[in-house]
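These are the residues of each chain, in order.
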Amino acid sequence: MNAQVKVENHARQEIRYSTCYMCACRCGIKVTLEQGKVRFIQGTRNHPTNQGVLCAKGSAGIMKQYSLAKLSQPLIRKPGSERGDGEFEVISWEQALDMLAERLQEIRATDPSKLAFFTGRDQMQALTGLWAQQFGTPNWSAHGGFCSVNMAVAGLYSIGFSFWEFGAPDWDYAKYFVLWGVAEDHSSNPIKIGLEKLKRGGGKFVSVNPVRTGYSAIADEWVPIKPGMDGLFALSIVHVLLTRELFDYEFLARYTNAPWLVIDRPGHSSHGLFLRDEGGSPLIWDMERETFANGMGGDIAPAMFGEYVAPDGTKVKTVFSLAVERYLDERYAPAHVAAACGVPAETIERLALEMAHVALKEAVELPIEWTDVWGHKHDKVIGRPVAMYAMRGISAHSNGFHACRAIHLIQMLLGALDGPGNFRARAPYPKPIPPHQLPENNPDIINAANTALSRPPLGFPTRPEDLVVDEFGNPLRIDKAYSWEAPFSAHGLMHMVITNATNHDPYAIDTLILFMANMAWNSSMNTKNIQDMLREKDPEEPGQHKIPFLVVVDAFHSEMVNFADLVLPDTTYLERHDCISLLDRPISEPDAAADAIRYPLVEAGRDVRPWQEILVELASRLKFPAFTNADGTRKFKNYPDFIINYQRSPGVGFLAGWRGKNGESSLYGEPNPKQWEKYIENQSFFAHHWPDGQKYMRYVNRGYLEEAAKAGFVGKVEPIIMQVYSEPMQKFRLAGQGLYAGPQPKDPADRERLSKYFDPLPMWYEPLEQQRVNGEEYPFFALTQRPMFMYHSWDSQNVWLRQIMAQNYLYMNAGRAASMGIEDYDWVWVESHNGRIRCQVKTMEGTQEDTVWTWNAIGKQKGAWGLKPDASEAAKGFLLNHLISELLPEKQGERRITNSDPVSGQAAWFDLRVKIYKAAEGESGSWPQFAEVRRLPTDRAARPDVLRYDARTQEKH
Amino acid sequence: MRLGLVIDLDVCVGCHACAVACKEWNASGTTGPLSDYQPYGAEPSGVWFNRIRHYEVGEYPDSKTVNFPMSCMHCEDADCVTVCPTGASYKRTGDGIVLVDQNRCMGCNYCAWACPYGARELDRSSGTMKKCTLCVDRIYDQALPVEERQPACVLTCPAHARMFGDLDDPQSAVSMAVRERGGYQLLPELGYNPTNHYLPPRKHKPIPTGEVVYGAWAKVKKLVNRVVKR
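As given, the protein sequences belong to chains A and B, one line each in that order. Numbering follows our numbering, in which position 280 of the first sequence is assigned residue number 280; successive positions increment by one, without gaps. Position in the second sequence counted from 1, then plus 957, gives you our numbering.
Any given hint might turn out to be false.
[What the hints assert, rightly or not] No farther apart than 25 Å at their CA atoms in a straight line, the calculated lysine-lysine pairs in the PhoX-like style are these:
{"id": "1", "chain 1": "A", "residue 1": "K716", "chain 2": "B", "residue 2": "K1021"}
{"id": "2", "chain 1": "A", "residue 1": "K842", "chain 2": "B", "residue 2": "K1021"}
{"id": "3", "chain 1": "A", "residue 1": "K197", "chain 2": "A", "residue 2": "K380"}
{"id": "4", "chain 1": "B", "residue 1": "K1160", "chain 2": "A", "residue 2": "K197"}
{"id": "5", "chain 1": "B", "residue 1": "K1186", "chain 2": "A", "residue 2": "K380"}
{"id": "6", "chain 1": "B", "residue 1": "K1160", "chain 2": "A", "residue 2": "K361"}
{"id": "7", "chain 1": "A", "residue 1": "K862", "chain 2": "A", "residue 2": "K528"}
{"id": "8", "chain 1": "B", "residue 1": "K1186", "chain 2": "A", "residue 2": "K317"}
{"id": "9", "chain 1": "A", "residue 1": "K226", "chain 2": "B", "residue 2": "K1021"}
{"id": "10", "chain 1": "A", "residue 1": "K30", "chain 2": "A", "residue 2": "K678"}
{"id": "11", "chain 1": "A", "residue 1": "K226", "chain 2": "A", "residue 2": "K710"}
{"id": "12", "chain 1": "A", "residue 1": "K361", "chain 2": "B", "residue 2": "K1162"}
{"id": "13", "chain 1": "A", "residue 1": "K710", "chain 2": "A", "residue 2": "K674"}
{"id": "14", "chain 1": "B", "residue 1": "K1162", "chain 2": "A", "residue 2": "K377"}
{"id": "15", "chain 1": "B", "residue 1": "K1162", "chain 2": "A", "residue 2": "K197"}
{"id": "16", "chain 1": "A", "residue 1": "K361", "chain 2": "B", "residue 2": "K1186"}
[Said to hold, decoys possible] To give a feel for the contact side, a few chain B residues facing chain A, derived at Cβ under 7 Å:
{"id": "17", "residue": "C972"}
{"id": "18", "residue": "A984"}
{"id": "19", "residue": "V1185"}
Simulated from the structure, these hints should not be mistaken for laboratory data. All figures in this text were calculated on a predicted structure; none of them were measured in a lab. Where a beta carbon is used, it is the ideal one built from N, C-alpha and C, also for glycine.
My request is simple: use the sequences and hints to build the entire structure.
Now the structure itself:
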C-alpha cells in the first residue's frame, strides 16, 4: 500500500537568499516563500559560515517573523503618565522624527556629550559608530562591555586576533581541542560543524567548564573547574610546559616578543618598558653578532634568556627570562593550585602533557610555499594541531582579561596560532598589537558644538595619555570607559550607563537612545534597581527625570520599551536591507574573507522603518559632514545608497564584494552602483577565498599582509609580533605606582588597581567582588548561560522555541543538594550581598559542587513580549540578575567602582557568590514579581489558545 | 528498501536544530499544520515529530550528559500499524516508511499506546494522529535539488549527527556507519525491529604523555639559549 505522496506546490513558491539574524552567528539562509508567507528557512549550502546547516533559532525564524510582540507604529509616552507605566499614544513617523531631530540638534549645538547612544545586539556598529562620531558624542558603544570584551581585548593586546569573532579553530586539521567555559554564544553553527569534524577525525575534545551541558556533553573529557579559576589553571599548565621544557622555541623566538629586552630599573619611569633603539624599535640580543638588534627585523638570532647591559649602562632582561622566573614558581605548580581550581593535580599535569604531545609530536606539515615578511621563502607550513576556543565562561569574570591572556600564552608556548590545526585568524585580523586606532580623547573636540569627533569613540589605548579623561583625570564618557577605572574598555561599559546617568556621575545627560538592548530586564545587572533608576525624577529639575529623555528602538515589545519616552519601531531581519561588513564584526572564516547582506523578503505590513534608514535620515537632517555635500544637500538618498557609496578610505567601503564600476574587483575598488544586485545574484554573501600561500602564519605572511594592506585591514606591510609581555599594561602599572612619566591617577583606589592588575605578564587574582564578599557566608558560585536554541536570539517570545523551555530552574549538584536536604522542584531562596530571589531547584550530576546556575533571560516581566500574563516565563521563570550588582560592594573611604574587569571594563556577571536555603512551607512562585506590562495601544491581536501555522494557502489538515 | 535515520550520539550536542527544522517543514507539510497549544500562555506545548531528551549517566564528576533525539523508528514490525482499527496507520511496502492517512484516522490513540517510543503525536485540533513522515514530501520531490531530498532534520543538523538512507542496502552510508560504529536499535527486546539506529559515543585513545622526564628542567633551572634565526 503506497499512497501517492503529495509534494510542494512549487508554482506558488519563490526562493530567496539572505542572512539569518536570530543570533550573532549570521548564517546564510535560503528562504522559501509561498505567496509572500514564509514556508521554510534552511541553511545556504555554499555559505562560508554555516555550509548548509541551520540551528534551532534559524529555523524558528518563521515564528519570529509572525510574533505578536512586533511593534507596529511609533509611540510616545502618554502626556501626564509616569515613565515605566507603559501608557503610550501613537504618533506619526514625521512627528517622531521632527521631535527627535529637533532635540538632537539642540544637544549637538550645545553639549554633544549629552547624547548617549548605546546599542544592543546590533550588527552595524560600523554605521552606528560613524553616526556617533559624526554627531560628536563620545557616548557610544554596543553591548560588548557586558558581553565579551575581555576576549576581544585580551586577544588584540596579545596575538593580534582573538577569540570572540576574530579567530576560529582550524577544524580541518585539529587533533586536540580545548573549550574553555561556556561558548555556546558565538559562532554557534561553525563550532557544531567543527566538533563533529574533530571527533570524526579521532581528535580529542576537552571541556573546561563547571557545568556539563551543551557542547560539553560530547566532550571526551570534562574538567569541572570552579568558576573564575581558569586563569590559575591555565598558568599551571604553563608551569608544567616550562618545567618539562615542552614549548616551541622557534615559534617564540621568531613570532613573539619573548626575546625582547625589558629594562630592569626598579623605581624608575623606564622600569619594565622595552629597551628601544633611537627609532623606537624594541631590541633583542643577537647571539651571532653579539650585539643589540631590532626585534622587529629579519636575519636576527635572538637570545631568549639572559640579562644584558645596554650601552648606557641600563640593565635589561629578556621577556622570556621574566616569564620563566615567574611561572616556574611553585605557586603555579599543579599540586599547589589543585584545591583552588577544584581540579586534581594529576589531571592538570596530564592535560598539559597531552597538549604538548599533540602540538610538538604530532605536528601537521602542509607542502605550501609562502614567503615571510622578512623575505624568507618557506616550502611548507607546520601546524601545531592544538586548537582552543573560549568565550563567556572566561570573559564574564573580573579576572577574565588575564585569564584569556593566560590561554593565549599557552597557545604561544605551543606555537599553536594561525597554523594548520590550531586557532586561526579571521579577516580583517590579524592587526597590529593593539590595532592602530585610538579613541577620541581631545576635550576641546568632544565639547565643541556641531563638530564631529576627529576619531571614532572607541579604540585601543597604549598609554595613559590615550585615556578619555579631562585635565583632572575625570571620565569624559558617561560609562567611564577609558578612564582609570577601565583603561582598555574597547567596547564601552553599557552596563554602567543607566546607573551613571542617573547618578549624574560623571555628568548629567539629556537623551539616551537604546537600540535593541533590554536594559530594563535581562541585559542589566541589578534589574529591579535599574527599573527604579529609569523612573527616578530629578529633584533639581521639577518634572524631569534623572535621564530626561529615553528613546527606545526595537522591533519587539520588550521590557525596555515599557520605559521609553519615544518608541521607534524597527523592522525584522526579513523586512529590511542590512549589511554585515568587514568594517564591523566579520563573518569571515579562516580560509575566506567574507561579508553578507540582507534585503527585504517579506512585506512589513506595519508602519515601521529600519533603524539604519532612520540613522541616515537623522544624519542628513542634522547635516553630519560625512552625510552632507559641500552645498549642504544630503549625500545619500537612503541606507542602500549609503552602503554603496560611502568610502571609509578610497576604495574601501561597507561591502567588499563586486566593487569597481562594473563589479570587477574584490576587497577594494570604486563604488559599484549595482553592488546590491550582485550580492542578491550571489545568494547574498561574498567570500574571498585566500590562496593556500596566504592562509597561514598571517602575522608574518608577506603575501597575505600585502593583500591586507590594500584592503585596509592593516596600515602597512609589517610583522605582527605577538606580545607575551604587554608594554601598554606596564605603562599603566607605572602610572599606578606613581612612576609614569605622564598622566597619573590621583585617587588611591585607581593607583592600587593599576598597580595590582596591570601586570605586563598574564596573572591570576581572586575576582574583585569575591575579594569583598564573605565566602563562608555565601558558599556558592552562581552563573548563568543561555540554551543553545535561544542564545543571542533575544526572544523567548518565540512560539516554537518557548515550547522547548518556558521556565528556568536553579541547577545544583545533586550530591550537594541532598546534603542540604534540597530536592528537585523545591522552592528556595537565593541570596547575595545585593538581594534575594525565590526560584525552583533542579538537581543534576553534571554541575561542579560549589556552583549553581540557571538559564538566563527565560524569565520575563508579566505582559511583555506579547505573552499572556500567566506565561510560565513570568510566573515561574526568574532572573539571577537581581542578585548581581553593577557596582562592587562598598569599601570605606572609596568611591563606588564598577563590578567589572579592571583592565577591560567587562561586566563581571560570573563573579557572583550566593547562599541558598529552602523556602518556607507554602512559599512558592518566583520572586520578585513585577507589575504587569500594559498592552500597547497598537496591540489589539487576540492571543489564541491554539496556533496552527501553515504557509500554504490550500490543503490543510 | 528500508528508509530510516542513523543518529550519532557521539556528536549530538542537543541543540534542538533538528526538532525545530522538522516542526518548520512539517507545519506546512503533508500532515500540517501542527497545532501549538497555549502558544503565548502558561506551559506552552504542541505537536512535534522529533523531540530531544536530555539525561545523565553516572555520578559526578564522572557523569555524562546524553542528548537523545527521538522520533518514529519506522519499525519493521510496527505495532502502531497492527492496532489501528481504521487502517489509517500503514507501513509503505516500497520504502518501509510508517505513515498515518489523515483522512482515515479518527484519533483513537490506540497507536500511541502501542508505540513504546512515544513517537505518535495527537493533534487535538484536527483530531488526528500525526508523526514523523521521514519528510516523505521532500525525499521524493523531484523539483528539489538532489542533495536536498532528505528529511529536514538531516539537512539542518549542525553537528551532522543525523544520517538518512536505506538500511537494507549493506553498502549505504547508513548501513556502513551502523556496522563500523556498533550502531544499535532502541529497545530491541520488544521485537518491533526499529529501522532507526543510534551510534554510541566513540572511545578516545589515550594520548601518550610518558615520554618526558618530569622535572628535569625545573630542577636544573638551566636557561639555555639556542641559535634560532628568523
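Evaluated hints:
Distance restraint check for K716 (chain A) and K1021 (chain B): the Cα-Cα separation of roughly 50 Å exceeds the 25 Å cut-off, and the hinted pair is therefore not satisfied. Annotation: proposed proximity of K842 (chain A) to K1021 (chain B) holds, straight-line Cα distance about 17 Å (limit 25 Å). In summary, the hint linking K197 (chain A) to K380 (chain A) is supported, as the alpha carbons are separated by about 24 Å, within the 25 Å threshold. Between the alpha carbons of K1160 (chain B) and K197 (chain A) the distance comes to roughly 16 Å, so the proposed pair stays at or under 25 Å and holds.
Restraint check for K1186 (chain B) and K380 (chain A): the C-alpha separation of about 17 Å stays at or below 25 Å, so the hint holds. Annotation: proposed proximity of K1160 (chain B) to K361 (chain A) holds, straight-line Cα distance about 22 Å (limit 25 Å). Taking the CA atoms of K862 (chain A) and K528 (chain A), the gap is near 14 Å; set against the 25 Å cutoff, the hint holds. Between the alpha carbons of K1186 (chain B) and K317 (chain A) the distance comes to roughly 19 Å, so the proposed pair stays at or under 25 Å and holds.
For the suggested pair K226 (chain A) and K1021 (chain B), the alpha carbons sit about 18 Å apart, so the restraint of at most 25 Å is met. Among the hinted pairs, K30 (chain A) with K678 (chain A) is consistent with the structure: their alpha-carbon atoms are about 17 Å apart, no more than 25 Å. With a C-alpha separation of about 46 Å, the suggested pairing of K226 (chain A) with K710 (chain A) is violated against the 25 Å cut-off. Proposed proximity of K361 (chain A) and K1162 (chain B) is supported: the alpha carbons are some 16 Å apart, at most 25 Å.
For the hint pairing K710 (chain A) with K674 (chain A), the CA-to-CA distance comes to about 22 Å; that is within 25 Å, so the pair holds. With a C-alpha separation of about 38 Å, the suggested pair K1162 (chain B) and K377 (chain A) falls outside the 25 Å cut-off, and the hint is violated. Simply put, K1162 (chain B) and K197 (chain A) have alpha-carbon atoms about 17 Å apart, close enough for the 25 Å limit, and the pair holds. At roughly 22 Å between alpha-carbon atoms, K361 (chain A) and K1186 (chain B) fall within 25 Å of each other, so this suggested pair holds.
Taken as an interface hint, C972 (chain B) checks out: its beta carbon lies about 4 Å from the nearest beta carbon of chain A, inside 7 Å. The closest approach between the C-beta of A984 (chain B) and any C-beta of chain A is roughly 5 Å, which is under the 7 Å cut-off, so the hint is satisfied. For the restraint placing V1185 (chain B) at the interface with chain A, the shortest Cβ-Cβ distance is roughly 4 Å, inside the 7 Å limit, so the hint holds.
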